[in-house]
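Colleague: So for the sequence shown, numbering that gives the first Met the number 0 puts the first residue at 0; every next one is plus one.
By construction, these hints were calculated from the structure, which means they are not laboratory data.
Hints are not guaranteed to be accurate.
The calculated lysine-lysine pairs, modelled on DSBU-like cross-linking and capped at a C-alpha distance of 30 Å, are [as the list claims (entries may be wrong)]: (1) K71 / K30; (2) K161 / K291; (3) K30 / K18; (4) K30 / K161; (5) K18 / K203; (6) K129 / K71; (7) K232 / K291; (8) K129 / K30; (9) K30 / K308; (10) K30 / K203; (11) K203 / K71; (12) K308 / K71; (13) K129 / K18; (14) K203 / K232.
Computed from a predicted model, the values in this text were never measured in an experiment.
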Amino acid sequence: MERLNDSIHFIQIESIREKEFLEDCAGLTWKSYRPFLEAAQCDNRLALAACVGSVPVGLWLSARTPSEDTPKTHTLLSLFVAPEWRRRGLATDLMQAAEGELSALGISSVTTSYSSILPGADAMSCLLRKQSWAEPVPDRIRICGRVGDTFATSRAWDLLLKRLQRQGVRYLSWEEAGDGVLEQAAAMVDAGEAPAWSDPRPWKDALSAEFSLAIFDGAVGLAGWVICERQGKLDRWYFPIGWVTPPEQDRGTLVGAYLEGSMRIQTGNGASALAVLEASPRQGRAWRLFEKHFSTLALWSDRLLISQKNLGIEPTLLIE
Numbered sequence: 000m001e002r003l004n005d006s007i008h009f010i011q012i013e014s015i016r017e018k019e020f021l022e023d024c025a026g027l028t029w030k031s032y033r034p035f036l037e038a039a040q041c042d043n044r045l046a047l048a049a050c051v052g053s054v055p056v057g058l059w060l061s062a063r064t065p066s067e068d069t070p071k072t073h074t075l076l077s078l079f080v081a082p083e084w085r086r087r088g089l090a091t092d093l094m095q096a097a098e099g100e101l102s103a104l105g106i107s108s109v110t111t112s113y114s115s116i117l118p119g120a121d122a123m124s125c126l127l128r129k130q131s132w133a134e135p136v137p138d139r140i141r142i143c144g145r146v147g148d149t150f151a152t153s154r155a156w157d158l159l160l161k162r163l164q165r166q167g168v169r170y171l172s173w174e175e176a177g178d179g180v181l182e183q184a185a186a187m188v189d190a191g192e193a194p195a196w197s198d199p200r201p202w203k204d205a206l207s208a209e210f211s212l213a214i215f216d217g218a219v220g221l222a223g224w225v226i227c228e229r230q231g232k233l234d235r236w237y238f239p240i241g242w243v244t245p246p247e248q249d250r251g252t253l254v255g256a257y258l259e260g261s262m263r264i265q266t267g268n269g270a271s272a273l274a275v276l277e278a279s280p281r282q283g284r285a286w287r288l289f290e291k292h293f294s295t296l297a298l299w300s301d302r303l304l305i306s307q308k309n310l311g312i313e314p315t316l317l318i319e
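Please put together the full structure from these sequences, using the hints given.
Modeller: Structure (structure tokens):
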């Protein structure tokens, strides 16, 4: 295996202004991440290119995590090496250079997540292990399918919804529930009654009030919520958050919420409308139920793998 030689050097993108170079770098990451290459993003991201002469052949792109709780954390968004430069250790050298630069900037840790079905997923996992990152583990499952197929996954779903209705469970859209539902949910999060990851406030400007659901139990009031977002560019509906109180987890209440959401989307958009359900082990038994039943007729499903590394390294001298 050919190793790299002195022709490889590393350049921070903010030091580059040539349009052609930036366009070449844009070809080394996903389209949705290309805005991070703009100069206006310099304070919140690290874009590091591995170059042969003036030609970029690899790119690291990470951004500061937008959270007050983790102000010194970066999220690795993209790590890409041009096909003709792979299997030469370039990804390793690029990662080491980036970690050193982040350490010099005062960043204490870096995290990443990636799909288990990406072509380079296995190689990414091997690279992270080699570089002493935490073992990549499944954090979420995503299931994409047509909303009209949802009830076909099990004949028991209709019975489940009828049972929940008899037991006093009600599903109201955020439009139907009114403006106060956001404040109620936020208060539960702030009081520790609901976990921080379920906080709907970061989604308030993006959520669909028509298809996001508030879950009410006649005995206790607000017992959970499901957030739905319209992803127009992908022509699909996305459910990133679903949470219910512990007593509701064993009743199938959260599964019922996604069934209700699918029915509402189908009514307004047709049976062929696409929806992506995202579930997590933090959702209790629902995680396994979603994977067991909803994956059977899915167009695709994957797991999001996560890893993290604490940076206790000295800055490298590889950066120009």
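Colleague: Go through the numbered hints given earlier and state which of them the structure violates, listing their numbers in rising order.
Modeller: 4, 5 and 13
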